[in-house]
Amino acid sequence: MRIKVAIAIAGAGLLLSAVPARAHHAFTAEFDAKKPLKLRGTITRVEWINPHSWIHIDVKNPDGTVTNWMVEGGSPNALLRRGVAKETLKAGMEVLVDGYQSKDGSNRANGRDITFADGRKLFVGSSGTEAPDERPEK
Amino acid sequence: MRDRRQLWVAASLAVSVLGQAPTKAWTPPKTPDGQPDLSGYWTNITLTPLQRPANLADKPFFTPAEAAAYEKETVERNNADRRDPGTDADVGKAYNDFWWDRGTKVVSTLRTSLIVDPPDGKVPALTQEALRRRTEGRGAAQGHAYDGPENRPLSERCILWATAGPPMMPSFYNNNYQIVQGPGYAIIVVEMIHDARVIPLDGSPHPPKDVRLWLGDPRGHWDGNTLVVETTNFTDKTGFQGSSKDMRLVERFTRTAPDTIMYQFTVDDPSSFAKPWTAEIPMHQTAGPLIEYACHEGNYAMSGVLSGARADEKKAAQGGK
Chain R
-9 MRIKVAIAIA GAGLLLSAVP ARAHHAFTAE FDAKKPLKLR GTITRVEWIN
41 PHSWIHIDVK NPDGTVTNWM VEGGSPNALL RRGVAKETLK AGMEVLVDGY
91 QSKDGSNRAN GRDITFADGR KLFVGSSGTE APDERPEK
Chain G
38 MRDRRQLWVA ASLAVSVLGQ APTKAWTPPK TPDGQPDLSG YWTNITLTPL
88 QRPANLADKP FFTPAEAAAY EKETVERNNA DRRDPGTDAD VGKAYNDFWW
138 DRGTKVVSTL RTSLIVDPPD GKVPALTQEA LRRRTEGRGA AQGHAYDGPE
188 NRPLSERCIL WATAGPPMMP SFYNNNYQIV QGPGYAIIVV EMIHDARVIP
238 LDGSPHPPKD VRLWLGDPRG HWDGNTLVVE TTNFTDKTGF QGSSKDMRLV
288 ERFTRTAPDT IMYQFTVDDP SSFAKPWTAE IPMHQTAGPL IEYACHEGNY
338 AMSGVLSGAR ADEKKAAQGG K
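Chains as they are written, first to last, in the working numbering: chain R, -9 to 128; chain G, 38 to 358.
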């Protein structure tokens, strides 16, 4: 499992220009930076669909009710090639999702980090910023 | 791997010194109808950028040790958690290679940029006309970027991916291609967005200039063991690094080893660039099959982006931020 790695400068003195994250869509148009959230819940299903996967989780609210949230993740094509398969994320698993809620207030979020019950962390990321140089060319 | 790299460097340096291709000890196999065989699954995944970073200005090639250091640093940076809490940037910023597929290696030639000509590894200056086009395009989009699905970028609409080509550039995932050959045709299936380029090899001409196609009109021929594909008739809805619909793109595919196709492309578009420019990307054999990128069908993001914009508008109308 991946762990956080500090930005390191290589000994050879090779400084690089930033590699922009370019993704399928503008994430910041969809999700609200002012609505960060942490969701602890149980995976009910995973939609392994392109261009982005969606992880559905049941989250127990303080009043005892349960809300189903859907969390956006990476492309299944990339996930598969990076070794993430259906067994990695499946119904019944308990996860903690760190992300942002959608701007329209629906129960959708982007998945920034996913932490499993045993503490292992699965980074989740699915889009770039909206900076002009990080947008796909038209 | 390193041995192969060193050979590549030696060969590339020989080319630059002598100005001619090195003698090829290896001859590619032929298809049943006698074409050099390019068929199979290939990937152009690489960490090497299109343009040479400023700090490598005088360094067209890495040494193997420098390449390893660059790879290590780039992979680490791609995986770093770049938090910027509470900002819009933060929403999109933290993503790392676990959910991407950007590779871990620089190109096997050890070049520091994919661009090989001009020698500085940079896209030549844009012409005044190209700059004007860009300004006008941005002006037209101003304030209307979220009006409706048609206003969103082609990639977000699952129509075309800017780097999927032509020319075919590595991107963040789906860097996979299948080449199929038959008498009179070569077909390149591009995993990203799921395009198939059908390239006639029969010497037929491009269609008239008023025929404009999303992927342009490709026509191919063999130059020895190299497949040369000339593509014209692009639309004004696409662009590559500032190119126009009048770009003439020449791609060259040469199988240089059982597991390698050297892919070169030259962008010739006097209305956009001060001079033609050329990039080179080794493509390596990879395991098939391609995975269907059924982008439109699952594109929940489109409704999410548009409803997000409506929510923002509503909030603004109510006087809130």
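It should be emphasised that the hints constitute simulated quantities derived from the structure, not laboratory data. Errors might be hidden in some of the hints.
Partial selection, computed: residues in chain G whose CB lies under 7 angstroms from chain R [claimed, not checked]:
| # | residue |
| --- | --- |
| 1 | N211 |
| 2 | W251 |
| 3 | G325 |
| 4 | I328 |
| 5 | Y330 |
| 6 | A331 |
| 7 | V342 |
| 8 | S344 |
| 9 | A353 |
| 10 | Q355 |
For every residue, glycine included, the Cβ atom is placed at its ideal position computed from N, Cα and C.
Check: Taking the closest Cβ pair, is G:V342 under 7 angstroms from chain R?
Finding: holds, 4 angstroms
Next item on the list: Using Cβ atoms only, decide whether G:N211 comes closer than 7 angstroms to chain R, and label the hint accordingly.
Entry: G:N211 check passes; min Cβ-Cβ to chain R is 5 angstroms, inside 7 angstroms.
Note to self: Take the shortest C-beta to C-beta distance between G:A331 and chain R; is it under 7 angstroms?
What the structure shows: holds, 5 angstroms
Checklist line | Status of the hint placing G:W251 at chain R (closest C-beta pair under 7 angstroms) | finding: violated, 12 angstroms
Note to self: Would the hint on G:Q355 be counted as holding, given a Cβ-Cβ threshold of 7 angstroms to chain R?
What the structure shows: Nearest chain R Cβ about 14 angstroms off; hint violated.
Checklist line | G:Y330 as an interface hint toward chain R, with CB separation required under 7 angstroms | finding: Check passed: Cβ of G:Y330 comes within 5 angstroms of chain R, closer than 7 angstroms.
Notebook entry, point to check: Measuring from the C-beta of G:G325 to each C-beta in chain R, is the shortest one below 7 angstroms?
Noted result: violated, 12 angstroms
Item checked: Interface restraint verdict for G:I328 against chain R (beta-carbon cut-off 7 angstroms) -> Hint holds; G:I328 Cβ to chain R Cβ min 5 angstroms, cut 7 angstroms.
Checklist line | Interface restraint verdict for G:S344 against chain R (beta-carbon cut-off 7 angstroms) | finding: Holds - the Cβ of G:S344 comes within 7 angstroms of chain R, reaching about 4 angstroms at its closest.
Check: How about G:A353: closest beta carbon in chain R under 7 angstroms, or not?
Finding: violated, 12 angstroms
Violated hints, listed in ascending order, are 2, 3, 9, 10; each of the other numbered hints is respected by the structure.
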